[in-house]
Each structure stands twice: as C-alpha cells, then as structure tokens.
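Going down the list, the protein sequences come from chains A and B.
Take this note's numbering: the last position of the first sequence gets the number 486, and nothing is skipped along the way.
Take this note's numbering: the last position of the second sequence gets the number 653, and nothing is skipped along the way.
Check before you lean on any hint, since a few could be wrong.
Unchecked claim - So these bits of chain A aren't anywhere near chain B, every CB distance computed over 12 Å:
#, residue
1, E155
2, T163
3, G195
4, L279
5, N478
Claimed, not checked - With a cut-off of at most 25 Å between alpha-carbon atoms, the simulated DMTMM-like pairs for lysine to aspartate or glutamate come out as follows:
#, chain 1, residue 1, chain 2, residue 2
6, B, K89, A, E477
7, B, K85, A, E477
8, B, K623, A, D355
9, B, K550, B, E476
10, A, K428, B, D84
11, A, K428, B, D599
12, A, K399, B, D84
13, B, K330, B, D122
14, A, K362, B, E128
15, B, K623, A, E155
Unchecked claim - Quick look at which bits of chain A chain B covers, simulated, 3 or more residues with Cβ under 8 Å:
#, stretch
16, 208-219
17, 260-271
18, 334-340
19, 346-359
20, 416-422
If you are wondering where the hints come from, they were derived from the structure by calculation, not from laboratory data.
Note that CB positions come from ideal geometry on N, CA and C, so glycine has one too.
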Amino acid sequence: MDYSQFLIMPQEIGLLVVFLLVFLYDTFMPDRCQKALPTFTTALFGLYTVFSFFPVHSGMAFAGMFESSDATWAMKAILNVGMLLVLLQSIKWANSEFVAVRRGEFYELLLLTLFGMFLMVSARNMLLFYIGLETASLPLAALAAFEKNHYESHEAAAKYMFTAIFSSAILLLGMSFVYGLAGSFDYNVLASALGDKHSALLIAAVAFVVAGVGFKLSLVPFHLWTADVYQGAPTAVTSYLSVISKGSAAFAFLVILVQVFGTVYADVWKWMLYAIIILTITIGNLFAVRQRNLKRFLAFSSISQAGYIMLGIIAANTLGMTSMMYYILVYIFSNLGAFAVIAAIERQTDKVTIDDYNGLFKTNPWLAFTMMIAMFSLAGIPPFAGFFSKFFVFAGALKTADTAVYILVLIALINTIISLYYYLLVVKAMFIRQDECSIPTLKSHWSEKTGMILCAMGIILIGLVSCIYTFLNGVAENSSSLFNLI
Amino acid sequence: MSFDFSILVLAIPFFMFLFLGLVGVKMGKKITGVVGTIAMGVTLFICYSIAFTYFFGTDQGQISAEGVRQSVLAYDWNWLTFTDKLVVKLGILLDPISAMMLIVISTISFLVHLFSLGYMSDEYGKPEKGFQRYYSFLALFTFSMLGLVVATNIFQMFIFFEMVGVSSYLLIGFYYTSPAAIHASKKAFIVTRLADLFFLVGIMILSYYTDTFDFNALMASPESALSSAHGQTFMGCSVMAWALTFIFIGGAGKSAMYPLHIWLPDAMEGPTPVSALIHAATMVVAGVFLVARLFPLYVLEQGSMNIVLVVGAFTALYAAAIACVQSDIKRALAFSTISQIAYMMTALAVSSAPGVGEEGGLGYMASMFHLFTHAMFKALLFLCAGAIIHAVHSNENSHMHGLHKFMPITSIAFLIGCLAIAGIPPFAGFFSKDEILVACYEKSPLWGVWMAIVAGMTAFYMFRIYYLIFHWKKHEVKEGHHAPHDMQWTMTLPLIILAVISCVAGFIPFGKYVTADGQALHTHTNWPVAISSVCIALVGIGLATKMYFKENDLPSKLKSKFNGLWTAAYNRFYMDELYQFITHKVIFQKVCKPIAWFDRHVIDGTMNLLADMTTSASFAIRKMQSGSIQSYVLYYFLGAIMLAAVTMVIVLI
Numbered sequence: 001m002d003y004s005q006f007l008i009m010p011q012e013i014g015l016l017v018v019f020l021l022v023f024l025y026d027t028f029m030p031d032r033c034q035k036a037l038p039t040f041t042t043a044l045f046g047l048y049t050v051f052s053f054f055p056v057h058s059g060m061a062f063a064g065m066f067e068s069s070d071a072t073w074a075m076k077a078i079l080n081v082g083m084l085l086v087l088l089q090s091i092k093w094a095n096s097e098f099v100a101v102r103r104g105e106f107y108e109l110l111l112l113t114l115f116g117m118f119l120m121v122s123a124r125n126m127l128l129f130y131i132g133l134e135t136a137s138l139p140l141a142a143l144a145a146f147e148k149n150h151y152e153s154h155e156a157a158a159k160y161m162f163t164a165i166f167s168s169a170i171l172l173l174g175m176s177f178v179y180g181l182a183g184s185f186d187y188n189v190l191a192s193a194l195g196d197k198h199s200a201l202l203i204a205a206v207a208f209v210v211a212g213v214g215f216k217l218s219l220v221p222f223h224l225w226t227a228d229v230y231q232g233a234p235t236a237v238t239s240y241l242s243v244i245s246k247g248s249a250a251f252a253f254l255v256i257l258v259q260v261f262g263t264v265y266a267d268v269w270k271w272m273l274y275a276i277i278i279l280t281i282t283i284g285n286l287f288a289v290r291q292r293n294l295k296r297f298l299a300f301s302s303i304s305q306a307g308y309i310m311l312g313i314i315a316a317n318t319l320g321m322t323s324m325m326y327y328i329l330v331y332i333f334s335n336l337g338a339f340a341v342i343a344a345i346e347r348q349t350d351k352v353t354i355d356d357y358n359g360l361f362k363t364n365p366w367l368a369f370t371m372m373i374a375m376f377s378l379a380g381i382p383p384f385a386g387f388f389s390k391f392f393v394f395a396g397a398l399k400t401a402d403t404a405v406y407i408l409v410l411i412a413l414i415n416t417i418i419s420l421y422y423y424l425l426v427v428k429a430m431f432i433r434q435d436e437c438s439i440p441t442l443k444s445h446w447s448e449k450t451g452m453i454l455c456a457m458g459i460i461l462i463g464l465v466s467c468i469y470t471f472l473n474g475v476a477e478n479s480s481s482l483f484n485l486i
Numbered sequence: 001m002s003f004d005f006s007i008l009v010l011a012i013p014f015f016m017f018l019f020l021g022l023v024g025v026k027m028g029k030k031i032t033g034v035v036g037t038i039a040m041g042v043t044l045f046i047c048y049s050i051a052f053t054y055f056f057g058t059d060q061g062q063i064s065a066e067g068v069r070q071s072v073l074a075y076d077w078n079w080l081t082f083t084d085k086l087v088v089k090l091g092i093l094l095d096p097i098s099a100m101m102l103i104v105i106s107t108i109s110f111l112v113h114l115f116s117l118g119y120m121s122d123e124y125g126k127p128e129k130g131f132q133r134y135y136s137f138l139a140l141f142t143f144s145m146l147g148l149v150v151a152t153n154i155f156q157m158f159i160f161f162e163m164v165g166v167s168s169y170l171l172i173g174f175y176y177t178s179p180a181a182i183h184a185s186k187k188a189f190i191v192t193r194l195a196d197l198f199f200l201v202g203i204m205i206l207s208y209y210t211d212t213f214d215f216n217a218l219m220a221s222p223e224s225a226l227s228s229a230h231g232q233t234f235m236g237c238s239v240m241a242w243a244l245t246f247i248f249i250g251g252a253g254k255s256a257m258y259p260l261h262i263w264l265p266d267a268m269e270g271p272t273p274v275s276a277l278i279h280a281a282t283m284v285v286a287g288v289f290l291v292a293r294l295f296p297l298y299v300l301e302q303g304s305m306n307i308v309l310v311v312g313a314f315t316a317l318y319a320a321a322i323a324c325v326q327s328d329i330k331r332a333l334a335f336s337t338i339s340q341i342a343y344m345m346t347a348l349a350v351s352s353a354p355g356v357g358e359e360g361g362l363g364y365m366a367s368m369f370h371l372f373t374h375a376m377f378k379a380l381l382f383l384c385a386g387a388i389i390h391a392v393h394s395n396e397n398s399h400m401h402g403l404h405k406f407m408p409i410t411s412i413a414f415l416i417g418c419l420a421i422a423g424i425p426p427f428a429g430f431f432s433k434d435e436i437l438v439a440c441y442e443k444s445p446l447w448g449v450w451m452a453i454v455a456g457m458t459a460f461y462m463f464r465i466y467y468l469i470f471h472w473k474k475h476e477v478k479e480g481h482h483a484p485h486d487m488q489w490t491m492t493l494p495l496i497i498l499a500v501i502s503c504v505a506g507f508i509p510f511g512k513y514v515t516a517d518g519q520a521l522h523t524h525t526n527w528p529v530a531i532s533s534v535c536i537a538l539v540g541i542g543l544a545t546k547m548y549f550k551e552n553d554l555p556s557k558l559k560s561k562f563n564g565l566w567t568a569a570y571n572r573f574y575m576d577e578l579y580q581f582i583t584h585k586v587i588f589q590k591v592c593k594p595i596a597w598f599d600r601h602v603i604d605g606t607m608n609l610l611a612d613m614t615t616s617a618s619f620a621i622r623k624m625q626s627g628s629i630q631s632y633v634l635y636y637f638l639g640a641i642m643l644a645a646v647t648m649v650i651v652l653i
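Looking at chain A on its own, in the form it has when it is part of the complex (with noise of 0.2 Å):
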C-alpha cells in the first residue's frame, strides 16, 4: 500500500488526532481536570480550525475512493467552522448537572460523526458515501439522546434512530439498484456506465437515492422526523444537527446528482428535486407559521432553508455550486446565531417559546439584537449575508436560463415572503410586544457570548466582504468537471 496516499488528507488525519487526544484527556486525566474538557476539546477545535484553511494537495486516493480537490477542502473548512461555533456554544451546556458525567462522549461522538461527514464530502465510491452517512448518522442517534432525564430526548433519539434505519434501507436499495445496472460503485466507472438510458430500474435507483439523502437534508417528504428530534434533543445537538449535518449532506448530494447520475438530469432528477423543492420550502413554511415552539419553529423554518440550499442544486453549474457553498456558510452563521440566543436562554430559564420572548429587547437588549439580525438574515433582508447567499442561489439557479426553473425561482421568492412573516413574529415578540414578566436580565457564560458575536459578525460581514464569494467561486471553477455530463 501506497502510504503517501494519506498525505492529500490532512483535514481528516487532524479531525482524527484532536479525537484521539480528547479520548485521551477524556480517560486518562484526573477528575479534577475533566471539567476543563469541554474548554480543552474546543481550544484544540480551534487550533485545528484554523491548521484546516491551510490548502491541501489535490488528488484520489485509495483507488479512486476518496478525492480531494479545492471545492472538498473549501467545504469542510466551513463545516468546521460551523463546528467550533457549535462547540463554542456548548462548553457551558456540557457542564451542566446531568450533562457533565458523561460530557466526554458528547465531545468524541460528535467529533466522529463530523469525520463521517467528512468522508461523505471527499467519498467518490457509493462505498464510501455510504460508511460516511452511517458513521455521521449512528452517533447522532446516541447525542439526540444525551439529556437522559428528559422524557422528549428519548422520543427525539427513537424517531431519529428509525427514520435513520429506514431512509438506509431505501439507500441500499437505490445503490443495489445501481450496481446492478453499472457493475461498480465507483462514481467515475458509473457516470459511463449507466449511460443516458432510462430504464425504470435507474429511475427507482435514482428516486431512492434521492429519498435516502433527503432524509439527512430533511427534505419534504421525507422530513417528518425533524420537529421532533429538534426539539426533543439538546439544543446543542439540535444546532449541528440543523446546520453541519445538513450542509455536509448538500454537498455530497450535489456530487452524487452530477457526477453519477449527470447524464439523466434534464430527463429525471431536475423534475424529481423541482417538486420536491417547492413542496420542501413551501410545507416547511406552512409549519413553520404556525409554531409557538422555537426550536419547532426553527426546525420547519430549517426545512425550508434546506429547499433554498436545493435551488444551487439543481441549476447544476458552477455558480449554483457557488452559490451553495456559500449558502450553507451564510446559513451556518445566520442558524447558529438564533441558536446561541435560544441555548443561552434555556439553559438560565428553561423558555423556548415565542411568547417568552416577549419584551425581551428590554431587558436582554445584546440577546435581541443577535436574535434579530440572525432572523433578518434567515429571512433574506440585506444588508445582511442571508441576503446576498438567496440572491446568489436564485442567480446560480436562473442560469440554467430555463422557463421552468424561472417558475421555480418564483415560487421560492414568494415563499420568503410568507418566511418573512413568521421571522418577524420573532422580532416583532422581542421588540415591540410587552409583557410583565417577560424574562430577567440574563448574563451569558463566555463562551456563549464569544460565538454570538462570531455570529452576529458574520452574519453582517459575509455579504459585504466581497472576497469570500468570489473565491469560492475560484474554488467551484476548479471542480467545473463535476458538471462534465450535465
């Protein structure tokens, strides 16, 4: 075995060894230090965060099984990115009363099912993808069940753990599929071998695929799980859940359309991601107007993000692939920052619905303010980035110069209409509505306060500092031979 063949995967070996010295620290040290873990774990995180935006060499390795190139590297810097602000915001949580005993497993579980993640981005055999997605999704299971003393932690992990098993089922079914039809797993021996006829056996193959991924990105239908695992499960787990979770699956799922089943998309899966798209943003904004729940709330509010994040999907092109990238970071930032404010008031009062936000400039003014600009950024209002990454995807998306995807793109527009309605709700609670005992004055841990403001100046910054969008248009160009069947 060729040994140098590890060397193209630097970000994966770095995920690993911070794993394996906060499985170290976790064992070994005395119990005095252990409630210094989750500062160590995430220190390390950043550290390791920032060794991930050194570049790394392009290349396949492991026979063509895994590939790095500029668009791999630029998307798990992001994920990772979007990891140290979760990990950020839950050094406080995992020293709570009935986290802290077991506050090593959440750090090692969650830093596995990132490299699972990981391995989903850089797969380039239906293997691979496939181990990948199992090892980010088992884990997941087990964290959605972390705060064992509460009854909806434990539904939360039920339904996560069936919808997993059976969105695999259909997975494997859609990948059997394939390989009956092409002899290989192999995403480059596929995209010849499967050629452009359309046989029923490689639509079925294509659909289950499909479903099986949808399941990850909570696509309609196949999202019912996700408001009551996102709010059954600690919001720290319900935030990566929503946003790394989510992002890293977009991008497998956008190389798995090109590159393996490029050759059908006019004919097959345009039409299949067309209407689940519109029922994805739509249905998720029905639900989403009527939640009192915040994290209910942000869950439908997620799904139909997730139908945007599809919108750089299916114009199947350089930019759309920019213009999702770039969705997702903004995304990250923008979901988070609403998380933060959300995980920072639970933890202190235990509150999550809107009504209790009520009043809440007034006494929390600095939770509002980023409560506020995450939901004006969520909702597409510039000058902030979530602005700028929904103009970007309806750009990516009317490329395709395409009369149906123009419908398409209006459809969205009208539906960030009906978005902004219910994230104002949110502003409108915490600034405008009063209420006697809405809640006290709150003083953050830190670290809470330290991912808020990376928030917050994200979420103005990204849109306006023009050079982050064009050089992941830089990185997307390079990989413009994913979209060599389109």
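Given chain A's structure and the hints, the job is docking chain B onto it.
What follows is chain B alone, placed relative to chain A:
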C-alpha cells in the same frame, strides 16, 4: 509620510464610531468625549502629514516626468465585481483637491470635537444626555465625509454621499425630543435624498456611455471617454448634458442650491457645533466638490455648465437678500452659507478649461480657494454663534445686543470672521473672493457686477448681525440669569485658532498647488477689480454701521417703507409655503391618494389572500405531523415510491 497610511484616515474615525457607539455607553461621558477628540487629533495629524507629503514631496508618484502634479491611487480595491466592466471599487485617491479637503475636514472636525466638549455640557460642566451618541455620530460623519473626498470612483462617492446624508440626519435630529428637530432632520434627509436620486440617474447615464466609474479613467482623456455619447441626444439635448445636469442636481441638493436650499435653514435645529461642521464647512460643499471633481467633463458640456452658472448666481443673490432680514442668528448664517456656496458654484461655472487663454482654470482655482477660506471663517462664525447661544440660551438677536463687553474674545473672533467674509484685506476672504470676481469679469461683465453686488450685500448683512449681537444697545441680563461671559478654554481655543487661520489663510499661494490640471497657475492682483470690490464691501459695512451700530429707528423706518419686500424676504420668499402647497395639495392629494387606494385595496388584498391561503393550508396539513413514527415511515415510503412512479410515468410513457 507614505500614502499607505492614508487608510488610517478612514479607519480611525470609523473605528471610533463603532467604539464610542458600542463601548462608549459603558464608559464615563467625559472620557468618551476626550477619547473621541484625541482620536480625531490623531486623524488630523495623519491628514496633515499626507497632504504635506502630497504637496511637497516628490518621491511617491505625485509629480509626473513633465513636472505636473497628478493624482495618486493610494488604494484601489475591487469590492463588487458584476461583470468585467461593471466593477464597484473602493479606494483612496489623492489629488490636489482631495488633499486640500483632507485638511479642511480634519481641521474643522477636530476643532468641533474640542468645542463640543464644552458646548454639549450644561452650565456646571456636566455632559448632556446622549453625549456618547453625539461623539459617535460626529465620528461617523467625519468618516463619511473623508470617504467622500478620497473616492476613486463616482459610485464610491455616491455611497459616501448617502452616508454623509444619513449622519447629517442623525446629528440634526440629535435632540430627538424636540419636534422641530425631528421635522428639520426629516426635511434635510428627504430633500437631499430626492436630489441624490437624480445623482444616481446621472451616474447611470454617465457610466452607461463611458463604461467606467473611475475618475482617473474619465479624467485622463475626457474627450475619448465621452466619445461614445457623441451625437446621442435626448429631447434635444445631448445625453451627456442630461447626465451632468442630473449629477449637478445631486450636488445642488447637498450644497443647498435654489430651489433645493430649503432644508439648510431648518437644519440649524441641530446642535450649533454640528452646524459649524456639517452645514457650514464640509457637507454643504460636497456639491461643489462633486462639480469640481467632474470639472473636465463639465467644461466639455457648456450647456450643463450654464445651468450651474445660472443656478449659482441666482442662489447667491437670493440667499444674500434673505440673510439681510433674518433675526435668528443661526438662520442668518445659514443663508449666508447658501450664498457663499453659490459663490463657489458660480466660480466653477465661469471657469474656462485650463490652458485656454491667460486666465484658463482661474475660476476653478478661485472656487477651491474660496471653499478653503470660507470653511475656516464660516466655521469660526458658527462656533462664535455657538458660544453666544450657550451664554444667552437663545437664538434670537433681540435677546443679545451689547454683548461686546461681556464676551470680548468671542466678539473679536466674530469681527474677524465678518471682516474675512466681507472681503476686507488682508483677511482670507478678500483673496479668494477677489479671484472669483476676476474670473466672473473674465466670463462676462454682467456676472462680475452681479457677484460684486452680492459681495456688497454680504458685507452689509454680516455687519448687521455683528452689530445686533455685540452693540446696538446695552445688554440686559435677565432676572435669575447670570451675566454672559467668555467660555472655558475648550470653547475659546477653537475660536482663536480659526480666527488666526482666517487672518493668514489668504496668503497661501493657492494657485501653485490646487489647479484644474496640476500646473501651477500664476495669479496676479487685478487692481481695478480688487479696489472696486473692497469699496463695495466698505459701502456695505458703512451702511450697516449707520443703521445698526447704535439703537435708532432707521431700520424700522426702512422696514415700514419696504414692508412688502421685507416681509417676503423675512419669510424666505415663501419657498417653504410653495413646497408645502406642491407636496400637500398637489402630490399628496392628486397623486398619492389614488396610489394609496390601490395599495390598500389591490396590493393589500392580494397579500391578505396569500396570508389567508397560507393559514388555511397550514391548518389543513397539520395532520401530517402526527407525532407517530409509524405514519412518518409510511409517508416516507410513499414519498419514495411516488417519486419513482411519477417520474417513470412521465419519462417512460
């Protein structure tokens, strides 16, 4: 100092805006003001160093091989790249006028920061409510104004034009509990914003034909830049004339040219140091600066230039006439400012292209010179007014009278300001005004005489104000009030500094440094013009002395004799009422009402329909989210099957 440091000129004020706005609230009020002032002092130092390097250094590309002073791009950063040509850049451009403006803005801004330490405090030296907010906004304004003058392209200029407008809005409305201040800030914002709309349209037309936003590209060869628009006409005028006229309207809004001047007198509701900074010295000259920046283009389009000339000359006379009868000293100064800015506009408009004839480019140089000197003495006058208002707690000159004994330093400083603006040698205004008059005579004797009359009126109304404040009759100290007196050093020092500058600024050999083409322009005194203009000024002063030095009934006699004219001028020739009529009776009633009906019934109806549909659809599908895992899996499975089946039906059959 290397031009690389020029970025600090923008970075420091912007940082101070954030710092004072966010962190300042937690700090003590006094400390905030001191920190803001010190930071501004540092900015001042950097601005001076950069301007000094630009004018006197030779090693950083500011002097070309032929010995001509040229512009230097210190920074040029692509901000938004839309297409290859449509690129919005941000950067720093240093050339004679931007370097000069750096000096003007930083000097006035620093002195206003210093002055405000005292002005924004009550009688016991305790800072007012919102002190931090005030300093934070001052820093924001300074940042925007500096960004405006160093703009490398017209789009950057537009961005900062807007930011200047916003910060002016915030500062005018600083006393947000007073309805007058709120009205004034709204008025200022809306009027200038309306003008900026024209500016934007002008930018679009200009960049459409020239394919660029960059000043350097436009200035390098204006003829070829405009060549693609050659022969293109719209409604009988060339498209470039339209573009440049629209851009001028944008500038006229900020520079308060007739008929867009109505916001400036009202803007005096803001704190007086703000009026000195924004509404006397810096923001209001943005329009002049804009025309000067695009001067090479305006010279090629004489049609637009004539509009600038007529508007400028008319505004100068109109505002001077109003200034003669105002009783509120800040308003009188405001109209004086409008008149003087119009002076600069006129000077630009009468200027011929550099190199044409003996006096080519003289008007341009004179305009910039006057901009410089006017900024200094008008800021001086406003700060004096601030000190007086702070002492007597009123804007009306009937509450002042005879303050000379009580506030000797302020009185002398104000007198110096008046002499400077009246154009009495050797004060600064004489030199710059003289050159403007020479340039006007050069264009046509009509404009020369016209502007000389305005100069006479200027001398008259300034001394009228001076006498009414400091002489006229003995000051009566109101019961329960202490006698007015000169202020503490933080307020007096800026007056002294500005007074000294007003005395000596005229001797700066301006033509050597700031000219339209970078070549030194040798000016020589035109004795007939100089002597006649001094005589006219002396007549104006003499008249004012006769009427207002000692209490007498001559003014009231004249007032009753020309009652109609006096009332019309006092009410600013009813321009505000005209605006009220047009906006309320015509636009609101005839245009907005139908639109409002359409909006309320058709647009809102559509939106309500969408909302109702959303709620009912949301209600209808709520069963889907049952909470039972069996049904979830069922939906999941059905979804996957349907996806496959429907696609098969469509694709295969």
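A quick look at each hint next to the structure:
With a closest Cβ-Cβ approach of about 9 Å to chain B, E155 (chain A) is found to fall inside the 12 Å limit, against its non-interface label. A beta-carbon of chain B is positioned within 12 Å of the beta-carbon of T163 (chain A); the least distance is around 6 Å. Listed as outside the interface, G195 (chain A) is consistent with that label: its C-beta sits roughly 15 Å from the nearest C-beta of chain B, beyond the 12 Å cut-off. With a minimum CB-CB distance of about 9 Å to chain B, L279 (chain A) fails to clear the 12 Å threshold, and the non-interface call is violated.
No beta-carbon of chain B is positioned within 12 Å of the beta-carbon of N478 (chain A); the least distance is around 18 Å. Of the pairs offered as hints, the one joining K89 (chain B) and E477 (chain A) holds, with about 23 Å between alpha carbons and a cut-off of 25 Å not exceeded. Distance restraint check for K85 (chain B) and E477 (chain A): the Cα-Cα separation of roughly 20 Å lies within the 25 Å cut-off, and the hinted pair is therefore satisfied. The suggested pairing of K623 (chain B) with D355 (chain A) holds, with an alpha-carbon distance near 24 Å, which does not exceed 25 Å.
A C-alpha spacing of about 15 Å is found between K550 (chain B) and E476 (chain B), which places the hinted pair at or below 25 Å, so the restraint holds. Under the criterion of a C-alpha separation no larger than 25 Å, the hint pairing K428 (chain A) with D84 (chain B) is inconsistent with the structure, at around 42 Å. With a C-alpha separation of about 23 Å, the suggested pair K428 (chain A) and D599 (chain B) falls inside the 25 Å cut-off, and the hint holds. Restraint check for K399 (chain A) and D84 (chain B): the C-alpha separation of about 17 Å stays at or below 25 Å, so the hint holds.
Distance hint between K330 (chain B) and D122 (chain B) is fulfilled; the C-alpha atoms sit about 20 Å from each other, no more than 25 Å. As the CA atoms of K362 (chain A) and E128 (chain B) are separated by approximately 23 Å, the hinted pair is consistent with the 25 Å bound. Note on K623 (chain B) and E155 (chain A): the hinted pairing holds, with a Cα-Cα distance of about 19 Å set against a maximum of 25 Å. Counting residues of the stretch 208-219 of chain A whose C-beta sits closer than 8 Å to any C-beta of chain B gives 4, which meets the bar of three, so the coverage hint holds.
For the stretch 260-271 of chain A, the assignment as covered by chain B holds, since 3 residues bring a beta-carbon within under 8 Å of that chain's beta-carbons and 3 suffice. Closer than 8 Å: that is the beta-carbon criterion, and the stretch 334-340 of chain A has 0 residues meeting it against chain B, so the requirement of 3 is violated. Given a C-beta distance limit of less than 8 Å, the hint that chain B covers the stretch 346-359 of chain A is violated, as 0 residues qualify and 3 are needed. Coverage of the stretch 416-422 of chain A by chain B holds [criterion: at least 3 residues with CB-CB distance below 8 Å; count 3].
The structure shown violates the earlier hints numbered 1, 2, 4, 10, 18 and 19.
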